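Protein chains: 2
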Amino acid sequence: MSTHGWHAEASEILRVGDGFRLSDVDPDGAPGYDGDKHSAAKDLSTRVHDLDDLQERLWAQSRTGDAQDAVLLVLQAMDSAGKGGIVRHVVGGVDPQGVELAAFKAPTDEERAHDFLWRVEKRLPAPGFIGVFDRSHYEDVLIAKVRSLADAAEIERRYDAINAFEARVAASGTRIVKVMLHISPDEQKERLMERLDRPDKHWKYNPGDVDERMLWPAYMDAYQTVFDRTSTDAAPWHVVPANRKWYARLAVQELLLTALQDIEPQWPAADFDVDAERARLAAS
Amino acid sequence: MSTHGWHAEASEILRVGDGFRLSDVDPDGAPGYDGDKHSAAKDLSTRVHDLDDLQERLWAQSRTGDAQDAVLLVLQAMDSAGKGGIVRHVVGGVDPQGVELAAFKAPTDEERAHDFLWRVEKRLPAPGFIGVFDRSHYEDVLIAKVRSLADAAEIERRYDAINAFEARVAASGTRIVKVMLHISPDEQKERLMERLDRPDKHWKYNPGDVDERMLWPAYMDAYQTVFDRTSTDAAPWHVVPANRKWYARLAVQELLLTALQDIEPQWPAADFDVDAERARLAAS
Numbered sequence: 039m040s041t042h043g044w045h046a047e048a049s050e051i052l053r054v055g056d057g058f059r060l061s062d063v064d065p066d067g068a069p070g071y072d073g074d075k076h077s078a079a080k081d082l083s084t085r086v087h088d089l090d091d092l093q094e095r096l097w098a099q100s101r102t103g104d105a106q107d108a109v110l111l112v113l114q115a116m117d118s119a120g121k122g123g124i125v126r127h128v129v130g131g132v133d134p135q136g137v138e139l140a141a142f143k144a145p146t147d148e149e150r151a152h153d154f155l156w157r158v159e160k161r162l163p164a165p166g167f168i169g170v171f172d173r174s175h176y177e178d179v180l181i182a183k184v185r186s187l188a189d190a191a192e193i194e195r196r197y198d199a200i201n202a203f204e205a206r207v208a209a210s211g212t213r214i215v216k217v218m219l220h221i222s223p224d225e226q227k228e229r230l231m232e233r234l235d236r237p238d239k240h241w242k243y244n245p246g247d248v249d250e251r252m253l254w255p256a257y258m259d260a261y262q263t264v265f266d267r268t269s270t271d272a273a274p275w276h277v278v279p280a281n282r283k284w285y286a287r288l289a290v291q292e293l294l295l296t297a298l299q300d301i302e303p304q305w306p307a308a309d310f311d312v313d314a315e316r317a318r319l320a321a322s
Numbered sequence: 039m040s041t042h043g044w045h046a047e048a049s050e051i052l053r054v055g056d057g058f059r060l061s062d063v064d065p066d067g068a069p070g071y072d073g074d075k076h077s078a079a080k081d082l083s084t085r086v087h088d089l090d091d092l093q094e095r096l097w098a099q100s101r102t103g104d105a106q107d108a109v110l111l112v113l114q115a116m117d118s119a120g121k122g123g124i125v126r127h128v129v130g131g132v133d134p135q136g137v138e139l140a141a142f143k144a145p146t147d148e149e150r151a152h153d154f155l156w157r158v159e160k161r162l163p164a165p166g167f168i169g170v171f172d173r174s175h176y177e178d179v180l181i182a183k184v185r186s187l188a189d190a191a192e193i194e195r196r197y198d199a200i201n202a203f204e205a206r207v208a209a210s211g212t213r214i215v216k217v218m219l220h221i222s223p224d225e226q227k228e229r230l231m232e233r234l235d236r237p238d239k240h241w242k243y244n245p246g247d248v249d250e251r252m253l254w255p256a257y258m259d260a261y262q263t264v265f266d267r268t269s270t271d272a273a274p275w276h277v278v279p280a281n282r283k284w285y286a287r288l289a290v291q292e293l294l295l296t297a298l299q300d301i302e303p304q305w306p307a308a309d310f311d312v313d314a315e316r317a318r319l320a321a322s
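Residue numbers (my numbering), protein chains in the order written: chain A, 39 to 322; chain B, 39 to 322.
Quick caveat, the hints were computed from the structure, so don't treat them as lab data. Owing to the predicted nature of the structure, the values given are computational and were not obtained by experimental measurement. Warning: the hint list may mix true and false statements.
Calculated cross-link-like contacts (lysine-lysine; reagent style BS3-like; alpha-carbon spacing at most 25 angstroms) [what the hints assert, rightly or not]:
#, chain 1, residue 1, chain 2, residue 2
1, B, Lys283, B, Lys80
2, B, Lys80, A, Lys80
3, B, Lys160, A, Lys143
4, B, Lys80, B, Lys227
5, A, Lys160, B, Lys160
6, A, Lys160, B, Lys143
Based on the provided sequences and hints, a complete structural model is requested.
Below you can see the structure in the form of structure tokens.
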């Protein structure tokens, strides 16, 4: 829905389709949105209520009847691109009772002993929920590829395994919204430097982030392959320019709204006799 | 901390101490707070930032170093007393990345095959988190007692088991904040009737709620015994008058703030050489 400052559907304009090249995306851009930081803050807070309302309907319809719908937001990005801000400012506007958040770190020994999708399966959102993956199974074809944590044949196998997995999840009623937040190397440098300059941000800084940063071109190649191999109709990718935080937040909010509007969740009808219950309650 | 409209510590004035009688509590009251619905809304939104800031510090200090602190909010109440509103409006103001929410429903067959604390143990918050129990192990001495789901000897055993369990959890670094939201039967009737009057609220209505409502005095007796047996220094109970939603929300927010202030979480010092990292980043 093109409302407020949007003149195009974020879900269309940001979608990874045939011939997509990551290198063509301007991380400073704000595609589809006519507005600035100021209008974006207003739009974000207006639309947060729409999102909250839609999520409540989604939850309500899952409580009674057969509705199996859920939404899964998959967030991938280089360090400091703003995943945390999306969770705080976009997802944070939704009733926490309707959100299932999973942050995937380096796998534990137990997780490593299983197939890479084992731990992911366990964190899929139940019907009625918005699930959020902060990093995901895509780490297993990103850092795993760049750092050669698995051999080439295994990485190849994983793209197909991911597509089969996501097709099944989508068929079970979960709308999958995959997002890569795209920042530039210069923007990352500024953000990491700020963490070093502020003692209250030191805890967010990890020397390993600079090690990964030095592999930037290899990561961009790995992302390009991810987009080529796993942007499907059932689970398309969206690349969101993220040098401007206000745009990235607004765009992800819009993508979530579109997924929920597509479900059109309805308040369920009473599965009891309303008048009889009114009488029983009045007499109690 | 007595700030804003508070003239007494909520954690003191609402605490269940020796000689406490639930029947003495006025569900319409607003103990310790000089203000009305309007000032409460302002105080709530001001203090939400303090809560968010303290939680971020709690999280940060858990990331490095040995800090094991966490907070666990246990919410118990009769139906429609406002647990959901607390989660949405108080907990919802905190970064979702710092919250672990567990809603305990009727136990599954697997859960029933274990001791009643088995499923609870699994949902305890990790260091750095605010955990929220929407219902809890107290159902096993409330509905279980009122509905005779366990025999008297087993119910007796459970009070001691709960105290030992909570003492261990507290000793591991988790501040336990136990809250009963206290409404009157008339207020409940109004709220349930509203759910019947509004089609968009029908899904929240459960005919079983009226069955439980008819056992109100037995529930109040069971709560009184819970308070007598399980309000300990390690994990005290607080009874929060809840006929006025604005008061209940403000009071629970204050209880959480007090728990976090008591921890005094600190931004952790860098465990790396800041200047060396600055140089390495600049060169990257």
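Now the hints, each set against the structure:
{"no.": "1", "hint": "Lys283(B) x Lys80(B)", "result": "holds (14 angstroms)"}
{"no.": "2", "hint": "Lys80(B) x Lys80(A)", "result": "holds (20 angstroms)"}
{"no.": "3", "hint": "Lys160(B) x Lys143(A)", "result": "holds (20 angstroms)"}
{"no.": "4", "hint": "Lys80(B) x Lys227(B)", "result": "violated (29 angstroms)"}
{"no.": "5", "hint": "Lys160(A) x Lys160(B)", "result": "holds (15 angstroms)"}
{"no.": "6", "hint": "Lys160(A) x Lys143(B)", "result": "holds (20 angstroms)"}
Hint compliance for this structure: hint 4 is the single one not met.
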